[in-house]
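Engineer: The sequence shown runs 1 to 252 under full-length UniProt numbering.
Don't read these hints as lab results, they were simulated from the structure. One or more of the hints may lead you astray.
In silico SDA-like pairs for lysine to any residue, Cα to Cα no more than 25 angstroms straight-line [claimed, not checked]:
1. Lys30 x Thr60
2. Lys30 x Ala133
3. Lys30 x Asp112
4. Lys30 x Pro127
5. Lys30 x Phe62
6. Lys21 x His36
7. Lys30 x Asp48
8. Lys30 x Ala75
9. Lys30 x Tyr89
10. Lys21 x Phe33
11. Lys30 x Asp135
12. Lys30 x Glu20
13. Lys30 x Pro125
14. Lys21 x Ala61
15. Lys30 x Ala61
16. Lys30 x Thr97
17. Lys30 x Leu126
18. Lys21 x Leu106
19. Lys21 x Leu142
20. Lys30 x Glu90
21. Lys21 x Pro203
22. Lys21 x Asp102
23. Lys21 x Tyr88
24. Lys30 x Ala153
25. Lys21 x Thr60
26. Lys21 x Trp68
27. Lys21 x Glu228
28. Lys30 x Val159
29. Lys21 x Gly231
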Amino acid sequence: MKLQHQLGGLEGLDGPLDFEKRVFVQEWEKRIFGIHAAMMGLSRSLRDALPDYDIDAVPTAFASAWTWADLRSGAEAMNPFAYFQYRYYEKWLGGITAYLLDTGYLTPEELDAATNRFREDPAAPLPSGENPAVDAQVVRYLREGDSPRRGPADPAFAVGAHVTVRNPPAVAHTRLPGYLRGCGGTVERVFEGSYRYFRSTGPDGLGEPMAVYIVRFDPAQVWGTAAEPTGGRLYAELYETYLAPADQEGQQ
Numbered sequence: 001m002k003l004q005h006q007l008g009g010l011e012g013l014d015g016p017l018d019f020e021k022r023v024f025v026q027e028w029e030k031r032i033f034g035i036h037a038a039m040m041g042l043s044r045s046l047r048d049a050l051p052d053y054d055i056d057a058v059p060t061a062f063a064s065a066w067t068w069a070d071l072r073s074g075a076e077a078m079n080p081f082a083y084f085q086y087r088y089y090e091k092w093l094g095g096i097t098a099y100l101l102d103t104g105y106l107t108p109e110e111l112d113a114a115t116n117r118f119r120e121d122p123a124a125p126l127p128s129g130e131n132p133a134v135d136a137q138v139v140r141y142l143r144e145g146d147s148p149r150r151g152p153a154d155p156a157f158a159v160g161a162h163v164t165v166r167n168p169p170a171v172a173h174t175r176l177p178g179y180l181r182g183c184g185g186t187v188e189r190v191f192e193g194s195y196r197y198f199r200s201t202g203p204d205g206l207g208e209p210m211a212v213y214i215v216r217f218d219p220a221q222v223w224g225t226a227a228e229p230t231g232g233r234l235y236a237e238l239y240e241t242y243l244a245p246a247d248q249e250g251q252q
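Input sequences plus hints: build the corresponding full structure.
Structural biologist: Here's what the structure looks like:
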């Protein structure tokens with residue numbers, strides 16, 4: 001998504017920035033984070049995770065895959081005007097709600113009823129459904145996570161190599177910062193091993209394990225005259241699928 005994934009240098013967004021330093025501004029944001037974390041900890045995708053999770057033994061009714069890719073897709077699929085209108089956790093709320101509706105965990109009628117109930121009585125008791133085995137799985141996931149590393153790699157580029165960022169077709173979800181498309185840079189570091197993304201992004205190129213690099217860019221080459229003259233170099237972590245040799249500049 002060229003427009004909504006990392007907006008550096010996008011025309012018309014040169015107003016003052018609000019660097020909010022608090023992780024959570026309002027109490028409800030903590031609950032949204034908790035819901036997302038619980039869904040991640042119970043996701044079917046953990047069947048193939050590292051470390052091994054016996055996710056099929058966990059007594060949960062959540063039988064779907066939910067990853068960071070799903071959360072990000074929900075935000076990136078928003079109408080651009082809505083994306084700029086809502087706060088960070090409001091985007092999370094919208095993405096999670098749409099997912100639960102689309103997958104049948106909630107019906108529109110149930111959502112409307114719950115919304116009206118809490119509008120009328122904000123202090124109404126929240127649903128409860130504690131289960132020690134479910135709680136233990138979520139806590140373990142929060143502590144151990146899921147490593148994306150999947151084994152050795154055969155990197156196409158070495159440190160010092162000059163590369164050009166590809167311009168793959170725009171899809172529903174990408175990990176390529178839009179402002180780097182077509183830019184030239186230099187490989188600063190090659191991470192050891194290969195790394196798998198949460199799911200395939202189709203023509204965007206992610207899916208199978210691959211090498212990952214830190215690439216150094218000159219801000220003047222990225223943003224032209226809009227770059228700050230006293231600014232430092234720009235560094236980005238990029239999957240190999242997003243890079244081409246420098247002599248292939250303009251390759252799609």
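Engineer: Determine for every hint whether it applies to the structure shown.
Structural biologist: Status of each hint after checking the structure:
1. Lys30 x Thr60: holds (22 angstroms)
2. Lys30 x Ala133: holds (22 angstroms)
3. Lys30 x Asp112: Status holds; Cα separation ~22 angstroms.
4. Lys30 x Pro127: Holds, at about 16 angstroms.
5. Lys30 x Phe62: holds (21 angstroms)
6. Lys21 x His36: Given that 25 angstroms is the threshold and the Cα spacing comes to 21 angstroms, the pair holds.
7. Lys30 x Asp48: violated (28 angstroms)
8. Lys30 x Ala75: Since the Cα atoms of Lys30 and Ala75 sit roughly 18 angstroms apart, the hinted pair holds (cutoff 25 angstroms).
9. Lys30 x Tyr89: Holds, at roughly 9 angstroms.
10. Lys21 x Phe33: Holds, because 17 angstroms separates the two Cα atoms, which is no more than 25 angstroms.
11. Lys30 x Asp135: Holds, because 17 angstroms separates the two Cα atoms, which is no more than 25 angstroms.
12. Lys30 x Glu20: holds (16 angstroms)
13. Lys30 x Pro125: Given that 25 angstroms is the threshold and the Cα spacing comes to 17 angstroms, the pair holds.
14. Lys21 x Ala61: Violated, at about 36 angstroms.
15. Lys30 x Ala61: holds (23 angstroms)
16. Lys30 x Thr97: Given pair Lys30, Thr97 holds - Cα atoms ~16 angstroms apart, limit 25 angstroms.
17. Lys30 x Leu126: With Cα atoms ~14 angstroms apart, Lys30 and Leu126 stay inside 25 angstroms; holds.
18. Lys21 x Leu106: violated (34 angstroms)
19. Lys21 x Leu142: The hint holds at about 23 angstroms.
20. Lys30 x Glu90: Holds, at about 12 angstroms.
21. Lys21 x Pro203: violated (36 angstroms)
22. Lys21 x Asp102: violated (34 angstroms)
23. Lys21 x Tyr88: holds (13 angstroms)
24. Lys30 x Ala153: Violated, at about 38 angstroms.
25. Lys21 x Thr60: violated (35 angstroms)
26. Lys21 x Trp68: Holds - the C-alpha atoms of Trp68 and Lys21 are around 22 angstroms apart, at most 25 angstroms.
27. Lys21 x Glu228: holds (23 angstroms)
28. Lys30 x Val159: Since the Cα atoms of Lys30 and Val159 sit roughly 41 angstroms apart, the hinted pair is violated (cutoff 25 angstroms).
29. Lys21 x Gly231: This hinted pair holds, its Cα atoms lying about 22 angstroms apart.
Consistency note: the structure conflicts with the earlier hints numbered 7, 14, 18, 21, 22, 24, 25, 28.
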